[in-house]
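The listed protein sequences derive, respectively, from chains A and B.
Per my numbering, the first sequence starts with residue 167, numbered consecutively.
Per my numbering, the second sequence starts with residue 128, numbered consecutively.
FYI, nobody ran anything at the bench for these hints, they're computed from the structure.
As the structure is a computational prediction, the values presented were derived from the model and not from experiment.
Take these hints with a grain of salt, some might be off.
List of simulated lysine to any residue pairs, SDA-like, C-alpha gap at most 25 Å [unchecked claim]: (1) B/K456 - A/V314; (2) B/K456 - B/E636; (3) B/K639 - A/E248; (4) B/K474 - A/D345; (5) B/K259 - A/V314; (6) A/K408 - A/G357; (7) A/K408 - A/L374; (8) B/K452 - A/D347; (9) B/K254 - B/P272; (10) B/K259 - A/I313; (11) B/K639 - A/T252; (12) B/K205 - B/A287; (13) B/K259 - B/Y230; (14) B/K433 - A/G357.
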Amino acid sequence: MLQERELGRTAVVGIKTSPATAVRKHSLWLRIWKNRTLYLLIAPVFFGAGLFQYYPALTALYRSFYAWDGRRAHFVGLDNFEFFLTDPRLLISWVNVSKLLIFHLIVVMTLPVLVAYLIYRLRDEGQRYRYRVLFVLPIVVPGFVNIVLWKWFYSLNGVINFLLRGVGLESWTRVWLGDPDTALYALMFMGFPWVGGITMLIYLAGFLTIPMEVLDAAIVDGATGLKRFWLVEMPFLRGQLKLQVILTFIGTIQGFQAPLIMTRGGPGYATMVPGLRMYDAAMVDFKLGYASSIGVILFIVIFTLTLINQRFIRGGQEYDEA
Amino acid sequence: MKKISRRQLLKGAGVAGTSALLAACVAPTPQIIKETVPVEKVVEKTVKETVVVEKVATQVVERVVTPTVAPKPELKGKISIQWWGDVKEFEEAKGKKVGMPAYREAYLLIKEWMAAHPGVQVQFEPKPQDTKGLFQTQMVAGTLPDLISWSVGVAPDVIAPNIDLFYDWAKELKEKNPYGYMPTWEEEFPLGTKITNLWAPWVGESRRLFLGNTQTGGFGYTAHIYNADMLKKADAQVPPKTWSELIAMCEKLLKAGFTPMFMQTMQFQWEVRVLCDQFLELTFNQILSAWNAQAFTQEIWAWAIKNGIVKATDPRLLEALRLMKDMVKFWIRDWTAPENVNYFLLKRVALQHDGFWNIEGIRDAPQRDFEVGTFYMPPVDKAVSEYATGVAIRRLGTAEAGSSLAAYVAPMDIVKRGTYPLVKDLLQYVSARKQNEKWCAAQTPPCLPPGKKLEDTLKDPKELAVHYGFFNPEMTAARMARDIHWSGIMDVLSRLFVDYSVGKLGLEEYGKQMQDEWVRITDKRITDNPTWKVKEWPKP
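Isolated chain A, as found in the complex (with noise of 0.2 Å):
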């Protein structure tokens, strides 16, 4: 591994202090030549990318400066963002995929954990393939079922007011997304309990991957039970944990499915968020400059929030190196 990477760096090097930029593009396009039937094997994902991913992304970003409902275009500089910043319930929304971004922050780093090393732990092999599966038989189930069905629960005559009313708690019965107080919560609870079948899966794939060696001389020094986990084992699920915390950040403050299936940002602005606040202007109002607006100021942020997660939180192989 360490031999690939300095055989990487090596060859970096050299196409850096090559000596002349003609040389260098000859090579380039005789390289290209020489492997054109790879290359001509790969053109279609890089077009289907270009034309599916990057162009709409530029679009959007050039098309942010403009009032567009699709048809018609015309300049309008800043003031789409003006618009959305100067929002006076924007800071409501903002509030409200915080909440549901550290509590799928905390959820994501502890529960799929958990079970995925009690799997792991397991000695009988079979009984381990068993709750594998088991856990990830789920995701088969497509999300928008699941939130349809989530909508069902919470509803008056619902799943959750069904028990309530079976244990005498009548009085506790309510529509739970139709209550300002309660429906933020009632997004936050839905898919309990909230261990991710290919969250999981990764976890679990980090947990085999840690070296025998390591776990014998652990034990040998007299690392046992929660001293063994914490120090020895979840050190190298930091690269895992790194992946899900960008992807939980990337899913949260993207994400508008479950909001725009069940509450439609309600009651009032309870459970508004930015993407959903993007989906409106795009879909409802077809405002498609300002919708556009919106995704570049989420993209901002999201790309910061990576950054900033790639240079303080050290992956796996990092805290290995070190």
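Given the structure of chain A, go ahead and fit chain B onto it with the hints provided.
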């Protein structure tokens, strides 16, 4: 007599049979009808077929006749129609009445047209839940189907800014409809030019974009359907004729242990709009006079807000919101109820407000085991508000208000695609007076001839008093609701209402926050719409 051979007999029979077949295949031979009737003069008229459609008074000596629909083999091709819901529901009904009558009957008319045009293939495309989003996307992409079944109510928001993309039928409407019996296609519509006037502010003075079946009498959104058993147990009287009586009814229901109403809070604007329509009648008239218009557009709203003619801090508007807050104690308040849950049918509430188009569905629901009735939202009276004006409630909405419920709009692209002749023929067929009467007869309640009262049409007193208790007279431009109807500013109103209703916001603060937001939204709309000639706006 000369004997004929078997061969001759067969030959003769063959010739006779072929002649008969050929005679049957050619167009019906016009027949001359000569008839004497006991009136002032006798009229002879040449017609193609003797189907009597209408006989106008005894003094008018004229039999108006119409040809039956003949197949048009020259019409060939394929057209697509974007349709409410899935037509499979109607296909699989096997004679049973399923779905909303407005769309079911419109579908049956299209099927009739299809049967008469074997060379034409019609493809129905179901609308998704987000109909507006799909429409806008297809409009911008130029992929709209040949016909879109939709409500006229979408015109201000979506179609008005893109009017050049839609086919204008004004010229064709001045010509004869071959399926009709009036001199022009336009006259085939029961309300004739009234509809044009209603649509004018949205689609341009002379344009006719929406065509379809016409309901002569609308019920509006704010019908209330009630559980008669619950009301009986609570000893509550129906229909409440004033707001005070409505409150008294709800109090009685509450006392008897029933939850009076279900309110989907996100859409409670309908009630607020009816209240505002009463309280702000004079202001609305003032605005429309200044613009010489009959209905609001976003531009008119923007003018009214910018010039301070409509303010969210207006005490009359706040009074409407206060009255709504007083009703909160009677509600099961749900922001967005799950679609598969109907609190009314589950007997969790005694009343439900609804549009008339859903009443048949509730009345015919298999799980319903209780009596139902309906009433229209009553006007506010002086006993509950000093701002009560006593004006009759205007009818809210557009599509159901005497204009087209099953309306169609076509993109301009039909000319380029070559589907124009098919689309025109289909529209002419379904909107011909005869077809419209067929459509009308199946509606709930049936359409009324213009100028006739419901009582003259529906004779069953139970049907009349209970099921259609909220009926209002025929729609005219003068009775059309001139309410607050701009989704942007109404969204703010209903969202802030939640905070007000739970006591997180006082009434004055509510008005202030709403006003700030209205002005902010209006300024943005002005920036975004350079076509609005702000400098030429009328002086307030």
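For each hint, the structure was consulted:
Pair hint B/K456 plus A/V314 does not hold up; C-alpha atoms about 28 Å apart against a cutoff of 25 Å. Straight-line distance between C-alpha atoms of B/K456 and B/E636 comes to about 22 Å, which keeps the hinted pair within the 25 Å bound. Proposed proximity of B/K639 and A/E248 is supported: the alpha carbons are some 21 Å apart, at most 25 Å. A hinted pair counts as satisfied when its Cα atoms are at most 25 Å apart, and B/K474 with A/D345 qualifies at roughly 21 Å.
At roughly 21 Å between alpha-carbon atoms, B/K259 and A/V314 fall within 25 Å of each other, so this suggested pair holds. Straight-line distance between C-alpha atoms of A/K408 and A/G357 comes to about 22 Å, which keeps the hinted pair within the 25 Å bound. At roughly 17 Å between alpha-carbon atoms, A/K408 and A/L374 fall within 25 Å of each other, so this suggested pair holds. With a C-alpha separation of about 18 Å, the suggested pairing of B/K452 with A/D347 holds against the 25 Å cut-off.
Taken as a hint, the B/K254 and B/P272 pair is honoured in the structure, with Cα atoms around 11 Å apart against an allowance of 25 Å. A hinted pair counts as satisfied when its Cα atoms are at most 25 Å apart, and B/K259 with A/I313 qualifies at roughly 23 Å. Restraint check: the Cα-Cα separation between B/K639 and A/T252 comes to about 16 Å, which is no more than 25 Å; the hinted pair holds. As the CA atoms of B/K205 and B/A287 are separated by approximately 28 Å, the hinted pair breaks the 25 Å bound.
Pair hint B/K259 plus B/Y230 holds up; C-alpha atoms about 18 Å apart against a cutoff of 25 Å. Of the supplied pair hints, the one linking B/K433 and A/G357 is violated, its CA atoms being roughly 46 Å apart against a limit of 25 Å.
Hints 1, 12 and 14 from the list above are not met by this structure, while the remaining hints are.
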